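Visitor: So you can see what is in the structure, the chains are spelled out below.
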Amino acid sequence: MKARRTNALIWGWTLFVLVAIYLPIVCGALASFNKSRYFGFPIKVYSTEWWSKTIDSIEIGMIVKTSISVALLVTLFSVVIATFGALAFARYDWKGRRLYQKLILLPIFFPQPVLGLAMLLGFNAVGIQTSWMTAVFAHMVWIVPVVTLVIAIQVYGFDASLEEAAFDLGCSRVQVFREVTLPLLWPGIWSGMLFAFLLSWSNFPLSLYTTGADSTIPEWLYAKMVAGYTPMVPALGTMATLGAAALLLTGGLVGLLVRRRAAA
Amino acid sequence: MADIALAPAAESPAQLRLARRLSAGARCAIPVALLLGIGFLAPLMAIFGYAFATPRSFDVFRSFTLENFATLFDPANTVWVSFVWSCGLALTTVAILAVVAYPIAYGLNVVFGRWSPFISVLFVFPLFVSENVRLYGWVLFYIKNGVLDGTLKWLGLSGGPEVLFTPGITLFGMVYTYLPFMLFPMTLGLALVPRDLIDAARDLGAGRLFIWREIELPLAMPGILIGMLLTFVLAIGATAEAKILGGQSIIVISHDIEIAFTYSQNWPLGSAMAVVVTFFIGGLTLFALSKLDLDRMLGRR
Numbered sequence: 001m002k003a004r005r006t007n008a009l010i011w012g013w014t015l016f017v018l019v020a021i022y023l024p025i026v027c028g029a030l031a032s033f034n035k036s037r038y039f040g041f042p043i044k045v046y047s048t049e050w051w052s053k054t055i056d057s058i059e060i061g062m063i064v065k066t067s068i069s070v071a072l073l074v075t076l077f078s079v080v081i082a083t084f085g086a087l088a089f090a091r092y093d094w095k096g097r098r099l100y101q102k103l104i105l106l107p108i109f110f111p112q113p114v115l116g117l118a119m120l121l122g123f124n125a126v127g128i129q130t131s132w133m134t135a136v137f138a139h140m141v142w143i144v145p146v147v148t149l150v151i152a153i154q155v156y157g158f159d160a161s162l163e164e165a166a167f168d169l170g171c172s173r174v175q176v177f178r179e180v181t182l183p184l185l186w187p188g189i190w191s192g193m194l195f196a197f198l199l200s201w202s203n204f205p206l207s208l209y210t211t212g213a214d215s216t217i218p219e220w221l222y223a224k225m226v227a228g229y230t231p232m233v234p235a236l237g238t239m240a241t242l243g244a245a246a247l248l249l250t251g252g253l254v255g256l257l258v259r260r261r262a263a264a
Numbered sequence: 001m002a003d004i005a006l007a008p009a010a011e012s013p014a015q016l017r018l019a020r021r022l023s024a025g026a027r028c029a030i031p032v033a034l035l036l037g038i039g040f041l042a043p044l045m046a047i048f049g050y051a052f053a054t055p056r057s058f059d060v061f062r063s064f065t066l067e068n069f070a071t072l073f074d075p076a077n078t079v080w081v082s083f084v085w086s087c088g089l090a091l092t093t094v095a096i097l098a099v100v101a102y103p104i105a106y107g108l109n110v111v112f113g114r115w116s117p118f119i120s121v122l123f124v125f126p127l128f129v130s131e132n133v134r135l136y137g138w139v140l141f142y143i144k145n146g147v148l149d150g151t152l153k154w155l156g157l158s159g160g161p162e163v164l165f166t167p168g169i170t171l172f173g174m175v176y177t178y179l180p181f182m183l184f185p186m187t188l189g190l191a192l193v194p195r196d197l198i199d200a201a202r203d204l205g206a207g208r209l210f211i212w213r214e215i216e217l218p219l220a221m222p223g224i225l226i227g228m229l230l231t232f233v234l235a236i237g238a239t240a241e242a243k244i245l246g247g248q249s250i251i252v253i254s255h256d257i258e259i260a261f262t263y264s265q266n267w268p269l270g271s272a273m274a275v276v277v278t279f280f281i282g283g284l285t286l287f288a289l290s291k292l293d294l295d296r297m298l299g300r301r
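Just so you know, the protein sequences line up as chains A and B, in that order. The UniProt record's numbering puts the first residue of the first sequence at 1, with every later residue one more than the last. The UniProt record's numbering puts the first residue of the second sequence at 1, with every later residue one more than the last.
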């Protein structure tokens, strides 16, 4: 009886926190459907005017394109580097592994605004002009360690004797990697890709200092929040959120289907 | 401890050749090591270099002076106020989050059962929404004539409290933003506690408080510590909360660093501040990580 009451309390608390977590996102969505330029609640007239204005804006179109390009390149590079990184993290026993496992965490345990500034200084010191391409590199410094951890969790559950069996049966190193290692790690790599894309998509502190004259969605939103609010700010914010949700949902479903087909 | 952070990753050709002769594991680590060597260590070196340059100049690696640190530690300088604010806010955030996240982490492990993966995803998803967007949503909630104020007035009450642009709301924003960073390490930590051990203790007549204090808490400690460390470190560097929700009613340390780099164009002073923060955080992180076994935490074996 006592246990059931505790469980109910835990459910209640968790749902309460979840509501609090999504409340501001809902507030933003509400504000984007407000017809008048300044927000007031309850909303008197609803309209989709600001949504269509946001979609039609050429400036925002360019910013969205920049954000997508950065996120795609980050995903591509990060996943390749992190897959090998994860093998070094969890698959092989080698001399420097304990140290490596800890050093790789440092960029995650580092405040991003300071990291962004440090990278700006670094680019400046070697004379590299910052643009969205430097932002790709900056994002990777933070995202590769995260993706490495995501894939490493998959690597831990991976049976290394399968690789050895393939070697014994005469497979080359490339064949083993393509036919045994990759398919076994695929679920982890897939989640890693989703993480890489979405974390880059939503990153603000690193982009702020490393995109130079270019601008990503979170940067544009911040600039307009500080000066020049229009309901296009919550509209674009809500669109970015919905885009992320759609991607996560599709990604999750694809992952599930592939796994089910593999099991069948 | 700090010199471990500065130990060079395999970068020079000679080291690469050595690494090639090394095991497969070391070879797999090379791309990551190169990336972090160029993208993480080198920028920290640049900051380090700038910290010893002549104030208000860009003479990196060409001048050497301790003037920036002298300015920083001069009692007349008010940077320490920002530092104290940041530390205080970060510590309070950690304390509040530990209490907020513990029941949820416990629930994810023991109570929610088949709902657990779905609830985890719901807690992960906000990480994929820019913190600006989420914090601005709170502004819309708390602002005059906003969602809270408007709803209360509509109900015929006197309207919502004016909480925006205060230190309190900054703290609220930090607790809000960093919840997942406490929750997930804590969940991993609690997953390390064998349930049959707890059942055995209960069968032997141990009370709930006793089981929690003597079994659950000590066994889950690695995860809880990682969560606390992660939230503390990230909260020390937080700026968005103080800027968007706090309306700059308090200046946190990374905001101070930013000001030195932008408005006052004093890169060397900003770098000196960043170096102090880096050493503080780096020392703390390496100290804590040296006590943890990551294989056990992530691999659950």
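It is worth saying that the hints were derived from the structure and are not from the lab. If you're wondering where the values come from, they're calculated on a predicted model, not measured in any experiment. For each residue, glycine too, the CB sits at the ideal point set by N, CA and C. Check each hint, because a few of them may be wrong.
[Said to hold, decoys possible] The following label-pair restraints were derived from C-beta to C-beta distances: (1) F177/A <-> G88/B: 21 to 29 angstroms; (2) V26/A <-> R195/B: 55 to 63 angstroms; (3) S249/B <-> Y38/A: 57 to 65 angstroms; (4) L72/A <-> R195/B: 40 to 48 angstroms.
[What the hints assert, rightly or not] One side of the interface only, derived from the structure: several residues of chain A facing chain B at Cβ under 7 angstroms: (5) A8; (6) L18; (7) V19; (8) G28; (9) F41; (10) P42; (11) V45; (12) K102; (13) L121; (14) L221.
Visitor: Does the CB of V45/A sit less than 7 angstroms away from some CB of chain B?
Guide: violated, 14 angstroms
Visitor: Is the interface hint satisfied for A8/A? The criterion is a beta-carbon contact with chain B at less than 7 angstroms.
Guide: Nearest chain B Cβ about 9 angstroms off; hint violated.
Visitor: If you check the beta carbons of F177/A and G88/B, does the distance land in 21 to 29 angstroms?
Guide: Given about 51 angstroms between the Cβ atoms, the range is violated.
Visitor: Checking hints one by one. Is K102/A an interface residue toward chain B, by the C-beta closer than 7 angstroms rule?
Guide: holds, 5 angstroms
Visitor: Looking only at beta-carbon atoms, does the pair S249/B, Y38/A fall within the given range of 57 to 65 angstroms?
Guide: For Y38/A against S249/B, whose Cβ atoms are near 23 angstroms apart, the range 57 to 65 angstroms is violated.
Visitor: Return the status of the interface hint for V19/A: holds when the least beta-carbon distance to chain B is below 7 angstroms, violated otherwise.
Guide: With Cβ-Cβ at 11 angstroms, over 7 angstroms, it is violated.
Visitor: Answer holds if the nearest beta-carbon of chain B is closer than 7 angstroms to that of P42/A; otherwise answer violated.
Guide: At about 6 angstroms, which falls below the 7 angstroms cut-off, the nearest Cβ of chain B leaves the hint on P42/A intact, so it holds.
Visitor: At a threshold of 7 angstroms, is the proposed contact between L121/A and chain B supported by beta-carbon distances?
Guide: holds, 4 angstroms
Visitor: Given a hinted range of 55 to 63 angstroms, is it respected by the beta-carbon distance of V26/A and R195/B?
Guide: violated, 37 angstroms
Visitor: At a threshold of 7 angstroms, is the proposed contact between G28/A and chain B supported by beta-carbon distances?
Guide: holds, 4 angstroms
Visitor: Hint check: is the beta carbon of F41/A less than 7 angstroms from a beta carbon of chain B?
Guide: holds, 3 angstroms
Visitor: Do the beta carbons of L72/A and R195/B sit within 40 to 48 angstroms of each other?
Guide: Holds: the Cβ-Cβ distance is about 43 angstroms, inside 40 to 48 angstroms.
Checked against the numbered hints above, the structure breaks hints 1, 2, 3, 5, 7, 11 and satisfies the rest.
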